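Visitor: When you get a sec, could you build the whole thing from the sequences and use the hints?
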Amino acid sequence: MSRLTVGNVLKVIFAVLFFIFMPLIVLMLGILKKNLKVILEGALYVVLFVGAFSVPAESPFYTAASFVGLGSIGVSSLRFYMLRDLWLSRRVKSPGRNVTGQPNAPWPSAPTPSPAGAPTAPSAQDLSQSLAWVAAHAKQNKNRLPADAYVSILETCQTLDTVIDAEAQQPMGDPQFEYELTATVREYLPAVIRGYLAVPPSVVDNRQANGRTANEELVEQLQLLARQADTLHSSRHRQTSMDLANTGNFLRERFGHQQGGGFDFGIK
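Note that this note's numbering has the sequence shown beginning at 534, numbered continuously upward.
There's no promise every hint is true.
DEER-style ranges, computed between Cβ atoms [stated by the list, open to error]:
{"hint": "1", "residue 1": "786", "residue 2": "618", "range": "47 to 55 Å"}
{"hint": "2", "residue 1": "540", "residue 2": "706", "range": "18 to 26 Å"}
{"hint": "3", "residue 1": "583", "residue 2": "701", "range": "31 to 39 Å"}
{"hint": "4", "residue 1": "607", "residue 2": "561", "range": "12 to 20 Å"}
{"hint": "5", "residue 1": "586", "residue 2": "656", "range": "55 to 63 Å"}
Quick caveat, the hints were computed from the structure, so don't treat them as lab data. Nothing here was measured: the structure is a model prediction, and the numbers come from that model. Backbone N, C-alpha and C define an ideal beta-carbon position, used for all residues, glycine too.
Guide: And the structure:
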């Protein structure tokens, strides 16, 4: 997944050209994304900016006010960068094409267990495509999702995408690992997002019978999935390191013995 798109490049150029108005830009970002926290933060920057540059040059507070005004520009610019997930869209990598949000796009089906109880592992291409649909659907509905949850979904997708790429290059051959990876990508992660989006926006902050709101449930479940993705990532690359070490041990055992001033290459 990448942010290097023509639209994002134009947004960055616009932000650089008009960085002096960054307090107002942060405010407008909050309004467009309907994010109350960002709206209040941007309003504070605008008040400081306007108030600072409204002080007349003859005033003894002119120098201090100038620093406040410049500071509001600097701080708002830093915050605008930190909020980049709200205004820089991601391009989701998918085999053979780029996936963008599509209305009423069907979710990929979860794997169906075989009669023996072990699901047939889909190919890395199938998993990549399923993961791309998850990220694209989250992007399509990012105005419905809390900002932190939206970022968490994309970061989890990135982690899982790395694991899938590694599996495509050198499969571990571990049925349990393949099952956990497949279930996380094609079942658990889509189910969490589907379940949250099925809740009407007007009640996402209402307490349910378990005392939690839909937003709190979403955050906790995404944290659990993020940890699962990190565990899969660590297991996959720990195995890669072990495989490399085993290959080294074999080569040292096979070709590393000196004999008669030279090396014994096992040729008799």
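Visitor: All hints, please: hold or fail.
Guide: Hints versus structure:
1. 786 x 618: 47 to 55 Å: Since the Cβ atoms of residue 786 and residue 618 sit about 50 Å apart, the hinted range of 47 to 55 Å holds.
2. 540 x 706: 18 to 26 Å: 42 Å, violated
3. 583 x 701: 31 to 39 Å: 54 Å, violated
4. 607 x 561: 12 to 20 Å: Holds, at about 18 Å.
5. 586 x 656: 55 to 63 Å: For residue 586 and residue 656 the Cβ distance comes to about 60 Å; the hint holds.
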